[in-house]
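Novice: Single-letter residue listing:
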Amino acid sequence: MFDKLFAPEVLEEAGLIIRTQFPLAIWETVYVTILSTAFAIVIGLPLGVILVVGEKNGIRPLPAWLMRALNVIINLLRSIPFLILMVLVFPLTRAIVGTVVGTVASIVPLVIAAFPFIARLAEGSLREVNPNTIEMAQSLGASPMQIITQVMIPESVPSLISNATIAITTILGYSAMSGIIGGGGLGKIAMNYGYYRYKYLIMVAAVILLILLVQLFQSIGTHLAVKSDKRLKNKG
Amino acid sequence: MIEIKNLSKTFHTAEGEVQALKNVSLSIADGDIFGIIGMSGAGKSTLVRTINMLERPTAGSVVIDGVDMGALSDRELRQKRREITMIFQGFNLLMQKTCLENVCFPLKLSGLRGEKKWREQRALELLDIVGLKDKAKAYPAQLSGGQQQRVAIARALATNPKVLLCDEATSALDPTTTSSILELIRSINEKTGITVIIITHQMSVVESVCRHVAILDGGVIAEQGAVGEVFAHPKSAAAKRLVFPEGEAMTGYAVPGERTIRVVFNGSEATSTPLIAHMAVEMGIEANIAYASTRTIDGREYGSMLLGIRVGGDAVERAIAYMNAAEGVLAEEVEF
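Going down the list, the sequences are from chains A and B.
So this note's numbering is basically just the index in the first sequence, starting at one, shifted up by 600.
So this note's numbering is basically just the index in the second sequence, starting at one, shifted up by 68.
Keep in mind that the hints were calculated from the coordinates and are not lab data.
Where hints are given, some of them may not hold.
What the hints assert, rightly or not - Here are the simulated lysine to aspartate or glutamate pairs, EDC-like style, with alpha carbons at most 20 Å apart:
#, chain 1, residue 1, chain 2, residue 2
1, B, 203, A, 829
2, B, 184, B, 196
3, B, 185, B, 202
4, A, 656, B, 142
Just so we're clear, the structure is a prediction, and the values are computed from it rather than from any experiment.
Put together the whole structure using the sequences plus the hints.
Specialist: The following block contains the structure:
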């Protein structure tokens with residue numbers, strides 16, 4: 601089988617598929633990843649804030665049962681394998697998008713899988729803020745909300761960007777998996793041609809593009825995180 | 069006027085209860101510079117945090133200008149805290165914000181103080197007062213420790229507070245920077261009449277700026293009063309430990325047949341030894357240096373010394389008068 605991998609007709613066919621189908625697939629992968637990450641941040645970041653400020657010694661303690669419930673839900677969602685989660689959330693996906701197959705439909709399970717992960721990452725970032733800095737804000741009469749919006753989040757921006765980068769690259773990986781249930785993008789191409797039709801060359805090309813996308817997101821993220829950090833001397 | 073009445077604070081830890089403060093009562097007059105000194109673990113930081121209720125006392129009360137701090141609602145307390153600001157050992161600046169934004173921060177918190185332009189104008193004036201107007205656009209990481217503390221002072225003054233709490237504010241700084249920060253605090257106190265409460269473990273800090281002092285030991289006020297009085301005639305064991313760094317073993321410095329004078333150098337121009345030498349030459353008084361711990365900062369002398377002078381005649385009285393005549397020198401007889 602492998603002797604025919606680089607046969608002229610195979611190369612020609614692969615070239616045609618790459619030219620005609622890859623641009624759309626790349627675009628689908630990118631927008632699904634970015635949209636899913638954005639929605640997951642909208643849900644996950646506030647939850648991360650609650651995880652930090654709501655605990656017993658936090659700046660705005662919440663009832664212990666509520667914190668326990670939140671932790672259990674987040675851990676539960678994080679322990680379900682993504683492949684299973686996609687199927688589990690079919691009813692929700694249908695309710696929101698109207699269908700369970702397709703590129704847009706794949707955003708729903710992606711967000712459900714990503715927001716608990718992002719909540720934990722945000723929690724980690726926010727915990728890095730020096731407790732003395734928070735005490736300083738309290739001593740100047742800051743309210744819990746002011747401490748969250750004017751101290752905790754702004755002070756942890758570099759760390760939040762680093763963690764958002766980890767999140768977006770992970771979600772990119774998940775988005776490729778959603779090709780199985782009909783989500784579009786490079787993952788679907790890799791599955792359809794590589795897995796179902798043994799066109800390895802196309803699968804390899806799709807995988808290389810996924811790797812390049814991860815590299816690109818990671819480079820941009822690292823650059824932004826470093827650039828935003830004013831603690832590094834001789835900057836700004 | 070700050071009145072601390074029968075204040076106690078108990079912490080519940082894994083190892084059991086820890087009583088950080090026991091029945092502490094203090095009264096601090098408006099415009100005073102009041103030092104609270106003690107060894108680490110004496111409860112100083114807890115005490116200063118009960119003043120603005122960052123730490124809720126277990127018993128007792130803090131009354132500021134007739135307002136019982138413990139009785140305020142969260143919202144009222146936040147309002148009140150704008151009148152009682154604080155500087156810290158670790159400066160605690162917002163590291164992702166410029167100096168200007170750091171000074172604007174308390175003004176922004178208070179909300180009602182108008183436009184961004186107005187806030188920045190006010191912040192620039194404050195940075196000018198602390199001598200850092202040119203660093204407005206710099207980030208804290210680009211500044212030295214002393215400069216960061218100056219920014220923190222500017223920030224603490226932004227809301228025109230009546231009280232400034234200093235929690236080990238100079239403990240992370242070198243001696244030269246320490247004295248310049250203390251000088252700044254003193255001049256702000258003189259200009260604005262702000263009440264300053266200084267928490268420290270350093271004798272030199274209290275000696276150089278404070279007017280009144282309380283010595284905290286094991287969560288209890290061991291002694292309090294005017295700085296000169298407490299340091300010249302320490303009565304409690306804790307006070308003696310602080311005044312004589314070698315501890316109570318200092319009594320060993322007393323030589324039979326000699327009376328002991330404690331000399332405090334508080335930024336005197338002359339170096340200490342010539343003063344003693346001049347006294348011998350000019351007054352004919354021979355002093356035995358029993359103990360000395362002095363250092364020179366910016367050509368000025370800081371520290372203390374114990375002198376033994378032979379009993380007989382009025383030599384001790386003349387020596388005290390001679391040394392007190394020198395600028396920045398405080399001499400008093402001590403009895404063990």
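Novice: With reference to the structure, classify each hint as holding or not holding.
Specialist: Cross-check of the supplied hints:
For the suggested pair residue 203/B and residue 829/A, the alpha carbons sit about 18 Å apart, so the restraint of at most 20 Å is met. Of the pairs offered as hints, the one joining residue 184/B and residue 196/B holds, with about 18 Å between alpha carbons and a cut-off of 20 Å not exceeded. For the hint pairing residue 185/B with residue 202/B, the CA-to-CA distance comes to about 18 Å; that is within 20 Å, so the pair holds. Taking the CA atoms of residue 656/A and residue 142/B, the gap is near 17 Å; set against the 20 Å cutoff, the hint holds.
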